[in-house]
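**Q** Throughout the sequence shown, residue numbering follows my numbering, covering 182 to 404 in sequence.
Watch out, some of these pointers could steer you wrong.
As the list claims (entries may be wrong) - Computed spacing ranges between beta-carbons, pair by pair:
1. Glu281 with Ser389: 48 to 54 Å
2. Lys245 with Pro303: 27 to 33 Å
3. Arg399 with Ala263: 36 to 42 Å
4. Ala403 with Ser344: 33 to 39 Å
5. Leu218 with Gln286: 48 to 54 Å
6. Glu264 with Gln311: 17 to 23 Å
7. Asn260 with Arg399: 42 to 48 Å
8. Thr221 with Asp320: 24 to 30 Å
9. Gly370 with Val256: 43 to 49 Å
10. Ser404 with Val256: 18 to 24 Å
11. Ala392 with Val256: 29 to 35 Å
Worth flagging that the hints you see were computed from the coordinates, not collected in a lab.
For each residue, glycine too, the CB sits at the ideal point set by N, CA and C.
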Amino acid sequence: MSLSAPRAILFDLDGTLADTAPDLAAAMMRLQSERGLTLTAYEHLRPVASAGARGLIGVAFGIKPGEDEYEDLRVTFLNHYAEALAVKSHLFDGIAHLLEDIQHQQLQWGIVTNKASRFTDPLVPQIGLQDAGCVISGDTTPHTKPHPAPLLEAARRLDVMPSQCWYVGDDLRDIQAGRAAGMVTIAVGWGYGGHVAPSTWEADALISTPAELIALIRQSQAS
Numbered sequence: 182m183s184l185s186a187p188r189a190i191l192f193d194l195d196g197t198l199a200d201t202a203p204d205l206a207a208a209m210m211r212l213q214s215e216r217g218l219t220l221t222a223y224e225h226l227r228p229v230a231s232a233g234a235r236g237l238i239g240v241a242f243g244i245k246p247g248e249d250e251y252e253d254l255r256v257t258f259l260n261h262y263a264e265a266l267a268v269k270s271h272l273f274d275g276i277a278h279l280l281e282d283i284q285h286q287q288l289q290w291g292i293v294t295n296k297a298s299r300f301t302d303p304l305v306p307q308i309g310l311q312d313a314g315c316v317i318s319g320d321t322t323p324h325t326k327p328h329p330a331p332l333l334e335a336a337r338r339l340d341v342m343p344s345q346c347w348y349v350g351d352d353l354r355d356i357q358a359g360r361a362a363g364m365v366t367i368a369v370g371w372g373y374g375g376h377v378a379p380s381t382w383e384a385d386a387l388i389s390t391p392a393e394l395i396a397l398i399r400q401s402q403a404s
């Protein structure tokens with residue numbers, strides 16, 4: 182596999198850099214408990230963590246956006262989550278070393294997430310991602326992924342061409358956004374999207390460990 186050498190690596194946050202599902206699920210379970218409901222098992226909540234409130238409410242309550250009660254559930258869930266953002270959330274194994282290696286190679290890196298800045302701003306430094314060259318949240322631009330606008334804004338802030346960026350994510354929307362932005366796309370197999378076959382997303386590469394990304398970057402620089 183031969184990929185163009187990057188000047189910047191951009192990452193999705195939830196499910197790619199960090200395992201935030203435990204705290205997202207805890208906020209949802211708190212909401213269920215307050216309403217006297219049986220708690221949804223964690224293993225059913227975890228796969229939809231990347232979809233945020235929409236996905237978690239759908240699984241836990243069977244309610245979709247636009248339906249009665251959805252907005253009230255969403256607001257209360259997000260308030261609960263804001264109160265306990267980084268209790269159990271942590272970087273995936275190998276991510277800290279990956280980011281160190283990227284910096285050692287004098288490449289820039291940044292975060293592009295659909296998570297609102299209300300959550301990303303306090304969460305990022307608490308889980309060890311404070312060295313990011315940019316953090317683009319879901320409300321930084323008028324659009325969220327799969328629209329390319331957030332990724333293009335990240336490239337602008339890092340002063341690199343989109344074609345010089347790699348975008349790494351665990352969700353189909355990440356790959357769609359990266360492709361639309363003209364970036365090299367890397368799908369990861371360790372996040373929350375594995376249950377929907379990332380091999381079908383038509384990413385430029387599919388990796389199963391952060392170490393494989395290090396190898397891809399070095400290979401691109403040597404070719």
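**Q** May I ask which of the numbered hints given earlier this structure violates, with the numbers listed in increasing order?
**A** Violated: hints 1, 4, 9, 10, 11.
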